[in-house]
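Model the placement of chains Z, A, F, E, H, S and C on the given structure of chain D, informed by the hints.
Chains as they are written, first to last, in full-length UniProt numbering: chain D, 1 to 217; chain Z, 1 to 217; chain A, 1 to 217; chain F, 1 to 217; chain E, 1 to 217; chain H, 1 to 217; chain S, 1 to 217; chain C, 1 to 217.
Hints are supplied without guarantee of correctness; some may be wrong.
[Said to hold, decoys possible] Residues of chain H placed beyond 12 Å of chain F at every Cβ, according to the derived structure:
no.: 1; residue: Pro18
no.: 2; residue: Glu33
no.: 3; residue: Leu34
no.: 4; residue: Thr96
no.: 5; residue: Gly99
no.: 6; residue: Leu149
no.: 7; residue: Val176
[Claimed, not checked] Within a straight-line C-alpha distance of at most 30 Å, the following computed DSSO-like cross-link-like pairs (lysine-lysine) qualify:
no.: 8; chain 1: Z; residue 1: Lys181; chain 2: A; residue 2: Lys86
no.: 9; chain 1: A; residue 1: Lys86; chain 2: A; residue 2: Lys181
no.: 10; chain 1: S; residue 1: Lys181; chain 2: S; residue 2: Lys117
no.: 11; chain 1: Z; residue 1: Lys86; chain 2: A; residue 2: Lys26
no.: 12; chain 1: E; residue 1: Lys117; chain 2: E; residue 2: Lys181
no.: 13; chain 1: F; residue 1: Lys117; chain 2: F; residue 2: Lys86
no.: 14; chain 1: F; residue 1: Lys26; chain 2: H; residue 2: Lys86
no.: 15; chain 1: S; residue 1: Lys117; chain 2: S; residue 2: Lys86
no.: 16; chain 1: A; residue 1: Lys181; chain 2: E; residue 2: Lys86
no.: 17; chain 1: D; residue 1: Lys117; chain 2: A; residue 2: Lys26
no.: 18; chain 1: F; residue 1: Lys26; chain 2: F; residue 2: Lys181
no.: 19; chain 1: Z; residue 1: Lys117; chain 2: D; residue 2: Lys181
no.: 20; chain 1: E; residue 1: Lys181; chain 2: D; residue 2: Lys181
no.: 21; chain 1: E; residue 1: Lys86; chain 2: F; residue 2: Lys117
no.: 22; chain 1: A; residue 1: Lys86; chain 2: Z; residue 2: Lys117
no.: 23; chain 1: S; residue 1: Lys86; chain 2: H; residue 2: Lys86
no.: 24; chain 1: H; residue 1: Lys181; chain 2: A; residue 2: Lys181
no.: 25; chain 1: A; residue 1: Lys181; chain 2: F; residue 2: Lys86
no.: 26; chain 1: E; residue 1: Lys26; chain 2: E; residue 2: Lys181
no.: 27; chain 1: C; residue 1: Lys181; chain 2: C; residue 2: Lys26
no.: 28; chain 1: F; residue 1: Lys117; chain 2: F; residue 2: Lys181
no.: 29; chain 1: A; residue 1: Lys86; chain 2: D; residue 2: Lys181
no.: 30; chain 1: H; residue 1: Lys26; chain 2: F; residue 2: Lys181
no.: 31; chain 1: Z; residue 1: Lys26; chain 2: Z; residue 2: Lys181
no.: 32; chain 1: E; residue 1: Lys117; chain 2: E; residue 2: Lys86
no.: 33; chain 1: S; residue 1: Lys117; chain 2: H; residue 2: Lys86
No wet-lab data here; the hints were simulated from the structure.
Idealized CB from N, CA, C, for every residue including glycine.
8 protein chains.
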Amino acid sequence: MDHGILFDHARSARIGLPEAVFCEGKPLEALTELLTQFGRGSGRPILFTRLAPDVFAGMPAAVRSSYDYHPLSRTAFGDTLPPREKGRVAVVSAGTADGFVTWEAARTLAYLGIAHKVFEDCGVAGLWRLAERLDEINTFDAVIVVAGLDAALVSVMGGLTPKPVFGVPTSVGYGVAEGGKAALWSALCSCAPGVGIMNIDNGYGAACAAARVVNGL
Amino acid sequence: MDHGILFDHARSARIGLPEAVFCEGKPLEALTELLTQFGRGSGRPILFTRLAPDVFAGMPAAVRSSYDYHPLSRTAFGDTLPPREKGRVAVVSAGTADGFVTWEAARTLAYLGIAHKVFEDCGVAGLWRLAERLDEINTFDAVIVVAGLDAALVSVMGGLTPKPVFGVPTSVGYGVAEGGKAALWSALCSCAPGVGIMNIDNGYGAACAAARVVNGL
Amino acid sequence: MDHGILFDHARSARIGLPEAVFCEGKPLEALTELLTQFGRGSGRPILFTRLAPDVFAGMPAAVRSSYDYHPLSRTAFGDTLPPREKGRVAVVSAGTADGFVTWEAARTLAYLGIAHKVFEDCGVAGLWRLAERLDEINTFDAVIVVAGLDAALVSVMGGLTPKPVFGVPTSVGYGVAEGGKAALWSALCSCAPGVGIMNIDNGYGAACAAARVVNGL
Amino acid sequence: MDHGILFDHARSARIGLPEAVFCEGKPLEALTELLTQFGRGSGRPILFTRLAPDVFAGMPAAVRSSYDYHPLSRTAFGDTLPPREKGRVAVVSAGTADGFVTWEAARTLAYLGIAHKVFEDCGVAGLWRLAERLDEINTFDAVIVVAGLDAALVSVMGGLTPKPVFGVPTSVGYGVAEGGKAALWSALCSCAPGVGIMNIDNGYGAACAAARVVNGL
Amino acid sequence: MDHGILFDHARSARIGLPEAVFCEGKPLEALTELLTQFGRGSGRPILFTRLAPDVFAGMPAAVRSSYDYHPLSRTAFGDTLPPREKGRVAVVSAGTADGFVTWEAARTLAYLGIAHKVFEDCGVAGLWRLAERLDEINTFDAVIVVAGLDAALVSVMGGLTPKPVFGVPTSVGYGVAEGGKAALWSALCSCAPGVGIMNIDNGYGAACAAARVVNGL
Amino acid sequence: MDHGILFDHARSARIGLPEAVFCEGKPLEALTELLTQFGRGSGRPILFTRLAPDVFAGMPAAVRSSYDYHPLSRTAFGDTLPPREKGRVAVVSAGTADGFVTWEAARTLAYLGIAHKVFEDCGVAGLWRLAERLDEINTFDAVIVVAGLDAALVSVMGGLTPKPVFGVPTSVGYGVAEGGKAALWSALCSCAPGVGIMNIDNGYGAACAAARVVNGL
Amino acid sequence: MDHGILFDHARSARIGLPEAVFCEGKPLEALTELLTQFGRGSGRPILFTRLAPDVFAGMPAAVRSSYDYHPLSRTAFGDTLPPREKGRVAVVSAGTADGFVTWEAARTLAYLGIAHKVFEDCGVAGLWRLAERLDEINTFDAVIVVAGLDAALVSVMGGLTPKPVFGVPTSVGYGVAEGGKAALWSALCSCAPGVGIMNIDNGYGAACAAARVVNGL
Amino acid sequence: MDHGILFDHARSARIGLPEAVFCEGKPLEALTELLTQFGRGSGRPILFTRLAPDVFAGMPAAVRSSYDYHPLSRTAFGDTLPPREKGRVAVVSAGTADGFVTWEAARTLAYLGIAHKVFEDCGVAGLWRLAERLDEINTFDAVIVVAGLDAALVSVMGGLTPKPVFGVPTSVGYGVAEGGKAALWSALCSCAPGVGIMNIDNGYGAACAAARVVNGL
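Isolated chain D (complex conformation) (with noise of 0.2 Å):
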């Protein structure tokens, strides 16, 4: 044969992340062949995301029951991985209205065994919350901010801690918010420097962020 293969196939051996299936657009009956595969007790942890809840509600009983659903983040695990010894990662959000991204991330980072904490509602139109909270974000290893209209909080937290920060855009809001793209730009302006930035909505992805660097301590 002319060609070597370059890559090997264990995936998560190889990038630290195990797989994930995203499921929006995907056919019942080929979810529901998935998540039948995966569930607790199989063995092999796989996380389902985007994973709505009246389409997780029309999977047999059997299915759903070996599952840890949870409606807000739309996110599925059977197992989960095993837990890291070190890493805590700190999710900041502006607002509720993010949850469903704020959760994704969480969720993320719980089917990935890594400690974390949630603080929502630190956007800056009410800057004392995140000021009363700041010193116990600051013992955290990362740092993921979620925040959507003109994502203000992602600057601002930038400028107040040293660890490493994920911004994730939301596509909460109207007018020339709607969809994120205000939120997305404005994140990736942000005066603070050092700032990863992701896409919008994509909590998934900014866990899988702060999981390399877990990887590394």
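Chains Z, A, F, E, H, S and C only, in chain D's frame:
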């Protein structure tokens, strides 16, 4: 005659704001002719905006000497309007790079005869600078906020004062910030309610908006 | 503790604007719980915006009966703030299709206890309608202009009054007007100076901006 | 031969509009060669558009002297078409800053042999200027409206005349107005029905559109 | 009184175009009330556009029976304007998928009392279809061209007729064509000079533009 | 070693296309060094694209004299690849203003040793020019279509030939055409099926695409 | 008659591609009528694309039974074209989520009588899957690459084959990927030269492009 | 005083990143004054970014000689921070054209005292170059990936390492790639999970993000 004339001719009486000449793109001869008419002592106060230093330098010395010219803000005027008895305006900016807009606002206020003070370098990357000045800023009757990049200062300021706030996004920045659209979108999505936003780099407009507030005091 | 607390907690004292709840996207249970707390006679005036008729209809009758609900503007409140002694605001709109924004502004003013009057159907396609009402409009202390499509009314109104003007572009229209960006851009480029612009469809924000003006009278 | 020739070669006979040469981006030699052929007395009237003053200045004096060149509009022609016996076109503009487009339209009409009159400075910031001229404008057979920024004049003019109206948005402005997209979008959304819109800064095209109307009188 | 009234109230006399009601987004009750007033025999001809079939179907039978309703174009009228003695308009479309716009134009012309003929399926993918009909099309006094996707027909038609041409880009298509912006941009850049462009899907506007031409014959 | 090497190093053997150097933005010294190595007789044919005339003029005479340089297309090469025995490519353009792209394609073909012919000025504003040449164009094995503005020629050509067609939108134009996005979108929406589109102004890429077709003959 | 007819009517003879009907947006009756005519055994092979399952399900059983319908790709045909003797096409996709486009391409090839094979799940997140199949893919005469999100597979594939490559960006994804513009832009910027790009989700067009290549073998 | 001071003044202590001065747009005098203060031996290490060669050349020789200036990256510093004992960062770029960003990242790391190595020319058009270096790259603690055009390297690299990855899209390219938005969007949509993205051309920011990771080792 079958149509009456709807509106009178005296614009400054009508909207309380005198004429201004936007100089960008106007040929040198036309500008020279205009500046020759409205210099100091002409009794006809007119504000020239976007008058570039090299254009101003190309005018006859006699014309130049009858104007108060400010290169950073690219503004010139001969006479000003009479000082207002009431109304003071704060001009708060994120950084010195926004100076060409900050000072366009300040110079317009000077021309309009409105008391004002400039607070530069209050960007959210160093919130303590804003905090130190907040009490003083809140003694003014209206607040103009000038900021580029993510314009996070607009939201933060809007959440800290009960006064009328006018946000001016600036074109300062590169990448997605280039041209100021990111700042504009961010400002329009401000989570602090009731902030009126101006076109990008429109310091003149923000001063006029503040003047409308001063008109009513 | 090594940080002081920068900002006090009493937002309404701080910026003169009480809390509002943006209901879009919040689940029914959460909204029901909130509305149950803040109805008429609760002594805690809160404004609910973007509360869709079918969502409101899904609440218990007892909750519904303790609210003043307005379907077109999708706003609800129980108690209002005490009437202000000074300050009257005109809400001028281009057409009835802009009504959902026009009345969000008007209802927010009602909730804030600010005297106001709505002038609908003043679009520039029929300038005489505006002309007939101009003298009356100019007796108010601030003017909110609501317009979709090309938002030409914002410029026209801005050129006819010395009062603070806040322009609200609306999402009314199709083709390039769809979503309101054409109206927003047009409003930001208004050739009448000193008009503060709000996010698309943000009638609530315009009312808050006018309230900031009223605060200072 | 298995294909007939569908269309005859005589374009001016076919669409009633003679050739024009768009000069921007063409090298000096190519332009010099073209201008050498079509000067005054050549009997071959051709219109050159977007011919920059410094490019024209770089041509031989003999060539230059056989042309009627107009620097503001950057147009040149030697011979013109014979004057039309019917049809008069009004060119109405918002401000002198739009002059490079206004006069491109007017010069194209001159070249086409069509009677016309320019009405500058009719922007909606000073509606009385338009009002004073409206009766005269309505004596023309077609109206070209040239406006930048929010192009509100297009809507206003469209609501005041029964004549064919062609709107030309211009690239005049900064911030969101820069490049003319705000003016274009606004013009396309005009609330006055039946206004045909041209590409940004396309004064030449508007004159051709008016010529098509004149063709049919 | 210190202001005269600039413009008279009779819009149809002023711009030669009677009232139309854009129904999209208006509530059923409001529409029912309007349609009840202006049916056949009311002597008050009004055109209703964007009146969806299911909305029309929801009205009382008595109201429906007094209207000429056309589901594809979503237009309705009772009485029409008196037939014009002069002026015929061709409506040329690229494909049947553009029919909802093509027929909005045609129906508006019918309502305006203007003679017209529809030429469908003339898209440039089959140029012979246009070629066969070109001589007939050129007997009309104005040409409306309706096309989606790349709107190439606008350019082609503009190069084959000396008559006034109004191009209507449509929202037909997917990917970059979705929503009609590609067609709009293409139409605005037409290499055939003097084509007036309308907003996306604005068949009504094109008919009004043609009516302005007919006004002057 | 735990990874094999997946891909061999000989790119030209692998994809049948030799190296090219994109010169824009590279410093003069780096370019001079590169050009010094690969001149005529070096036995190492390399194509330089986007090599501006003033940059080339700044190189030593000895370097310049060993290159075939073509200013309009901004391309240079010393040796070429051996002539292909099969495969001829037509390069069809809308106008001479597109020449910098048309000839970049043609020059790339020359360098690749592929027979080709350029057909300029076939824009749809004068369809007879294309009609006259169509039979000849259809004798080629692939057709490259170069067009700016509305790029209508891409659709038209795609409907008239069974051969592989590659469309190259150009940045020629102003207003909405500026930068070539309108042409690109139009080309992507072509109603003629099966046309592969290249990035704006990418004549080089279109020639490579045609070379891939020639590879397989 | 003064015009010959330029183009013959037999499109399939002219460009080697038979008719296809794009069903999206066409009413059920019109589609039913069309499908009734062109079923199996009609001797008139026609491809129906974007024929949604629920629309197909709404047709009479007799019509449905005379078609080969494929729900994922939303395509139907009765008869196909005769098998081609030469030419094989590979359809390579990044993931199963792209299946609706992948299979639209494959089904169009089936209908065109062109041999082909589908290679799914070759996305760059698992490069070894592509590496394992590369030798086989390179035995085909043309390669269609289907990918959403960042469409990185288009570049990677383009760098690994000398065959004609047609890239189809898909609308799969969320945030900035939503609608497929990110994939499209990425594909157009591919650093592998000579890849022809299709409109977003246009699997049909890619198959037609490949058919043009097959035409010439 | 009724407000405490929330945040201390020592930014470098607070976020572990020292001051940097963004020079673009700052006037020569201001820059000269700043550089005069912070040269080698001043004991105050400051990084100057976006300091153009011609600007630096305009400074006094004495100032210039006290700086380590790097023209390609447009960075300058006098003193650096003390070398970190832990943490090494790989800077991987697609091509030499990205050098101005690649080296801005590398120089920022040098200034921060962080060990690093640059791996240029790893673009996906030649995957073997990346494959050869992959084992070495994976010995570093964080990976910065710099790429323009379609930024496919960001996805590919993200799929091959378990380390924190920060992607920097660059403005290298033309057509849809111009300005870097295509690269940015592509990077944000990366199919490899957990990659933090920076603003276009923001090499400085990526180095700061890597420094935050190093902070925690």
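Verification of the hints:
1. Pro18: The claim stands: Pro18/H keeps its Cβ more than 12 Å from every Cβ of chain F (closest is about 31 Å).
2. Glu33: 30 Å, holds
3. Leu34: 27 Å, holds
4. Thr96: 8 Å, violated
5. Gly99: About 10 Å separates Gly99/H from the closest Cβ of chain F, which leaves it inside 12 Å; violated.
6. Leu149: 9 Å, violated
7. Val176: Check fails; 6 Å does not lie beyond 12 Å.
8. Lys181/Z x Lys86/A: Measuring from Cα to Cα gives roughly 37 Å; hence the hint is violated.
9. Lys86/A x Lys181/A: 35 Å, violated
10. Lys181/S x Lys117/S: Roughly 27 Å between the alpha carbons, so the hint for Lys181/S and Lys117/S holds.
11. Lys86/Z x Lys26/A: 45 Å, violated
12. Lys117/E x Lys181/E: Measuring from Cα to Cα gives roughly 27 Å; hence the hint holds.
13. Lys117/F x Lys86/F: Holds - the C-alpha atoms of Lys86/F and Lys117/F are around 14 Å apart, at most 30 Å.
14. Lys26/F x Lys86/H: This hinted pair is violated, its Cα atoms lying about 36 Å apart.
15. Lys117/S x Lys86/S: Distance ~14 Å between Lys117/S and Lys86/S Cα, so the pair holds.
16. Lys181/A x Lys86/E: 40 Å, violated
17. Lys117/D x Lys26/A: 23 Å, holds
18. Lys26/F x Lys181/F: Holds, because 25 Å separates the two Cα atoms, which is no more than 30 Å.
19. Lys117/Z x Lys181/D: 35 Å, violated
20. Lys181/E x Lys181/D: Holds, at roughly 19 Å.
21. Lys86/E x Lys117/F: Roughly 28 Å separates the two Cα atoms, so the pair holds.
22. Lys86/A x Lys117/Z: Holds. Lys86/A to Lys117/Z sits at ~28 Å (cutoff 30 Å).
23. Lys86/S x Lys86/H: Holds, because 18 Å separates the two Cα atoms, which is no more than 30 Å.
24. Lys181/H x Lys181/A: 19 Å, holds
25. Lys181/A x Lys86/F: 42 Å, violated
26. Lys26/E x Lys181/E: Since the Cα atoms of Lys26/E and Lys181/E sit roughly 25 Å apart, the hinted pair holds (cutoff 30 Å).
27. Lys181/C x Lys26/C: Measuring from Cα to Cα gives roughly 25 Å; hence the hint holds.
28. Lys117/F x Lys181/F: Between Lys117/F and Lys181/F the Cα gap is close to 27 Å, so the pair holds against 30 Å.
29. Lys86/A x Lys181/D: Violated: Lys86/A and Lys181/D sit about 40 Å apart, past 30 Å.
30. Lys26/H x Lys181/F: 33 Å, violated
31. Lys26/Z x Lys181/Z: Holds: Lys26/Z and Lys181/Z sit about 25 Å apart, inside 30 Å.
32. Lys117/E x Lys86/E: 14 Å, holds
33. Lys117/S x Lys86/H: 28 Å, holds
Checked against the numbered hints given earlier, the structure breaks hints 4, 5, 6, 7, 8, 9, 11, 14, 16, 19, 25, 29, 30 and satisfies all the rest.
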